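From first to last, the protein sequence lines stand for chains C and P. According to my numbering, the first sequence is numbered sequentially starting from 80. According to my numbering, the second sequence is numbered sequentially starting from 2.
To be clear, the hints were calculated from the coordinates, so they are not data collected in a lab. Careful, some of the hints might be misleading.
Simulated coverage check for chain P against chain C, where a stretch passes if three residues somewhere in it have a Cβ under 8 Å from a Cβ of chain C [to be verified]:
id, segment
1, 49-61
2, 135-146
Derived contacts from chain P toward chain C, CB cut-off under 7 Å, selection only [what the hints assert, rightly or not]:
id, residue
3, Ile3
4, Phe7
5, Pro9
6, Arg20
7, Asn22
8, Asp68
9, His77
10, Gln102
11, Val103
12, His131
Derived coverage of chain C by chain P (criterion: at least 3 residues anywhere in the stretch with Cβ under 8 Å from a Cβ of chain P; other residues may be distant) [to be verified]:
id, segment
13, 85-94
14, 98-105
15, 109-121
16, 151-159
This one's a predicted model, so the numbers in the text were calculated from it and none came from an experiment. The C-beta atom is built at its ideal place from N, Cα and C for all residues, glycine as well.
Residue-level listing of the chains:
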Amino acid sequence: MDSFVSSGPEDVVDEETKAAILEAFRQGDIEDAYWAEHYQELVKQYPGQFVAADRETGTVVAVDPHLDPLHEKLESQGIALDRVWVRYLRVYPDYLIL
Amino acid sequence: MITGFFDPGGPNWPIPRVRANLYLPLVAPRWASIRFVIDTGAAMTVLHPTQARDDVGIGPAWLADPDRWPRRVTAHGIGGEQVCYVVEAEYGLRHERGHTQVIRDRILIAEPSSATEALPSVLGWNVLQHFRLELDWAQRSIHLL
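Chain C extracted, bound-state conformation (with noise of 0.2 Å):
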């Protein structure tokens, strides 16, 4: 792995990039807001489950217990990955030793 360049963290110059950058965490700020809002209530719903939901009405429009199937559902439906949040809804106790 020694051919890899790496670098510490250095400040974004480049108005595109720092645009790009921001605008990637204004998106990810979206999907916070939309989970803390209903993760609760999913999880009761479709515990255990990846869940996809569509990103402009929050609507859920597929659900499966693994990922292949759950895109599987999204493709037979038409929809693209970059239309929905997609998020397993694990269900606690389910200790996380990473």
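Add chain P to chain C, keeping to what the hints say.
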């Protein structure tokens, strides 16, 4: 200062999270925002399949084909061994008042499997080493300084 958060969808024990953006020049040349678990036990940042596919946009066939990933390593964790692809990565970071920074390094992308598909992606020491971590469960606050 970068602000993180404790997962509001989590249980009553802390799951520390922070958002960072990823730009993978040779794989997915656009910025994608990822919710990472802050993992001080991880030597490297790892992207797991859900985020690799749904957030970064790596196609499932591409992700599942080891021949497309010339650099691979076996990572060892409490749950066992995991083959990971090694790729060049840029990490986009957001500080207060819109100040942005980039770290250039690499990332491990976990080979898809039933064991990894529901795991969160983790931000490891290749990124965390550049910051002082403040995690305060009582105040529900997380900062990377």
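- Contradicted hints - numbers only: Violated hints (numbers, rising): 2, 3, 4, 8, 9 and 16; every other hint is consistent with the structure.
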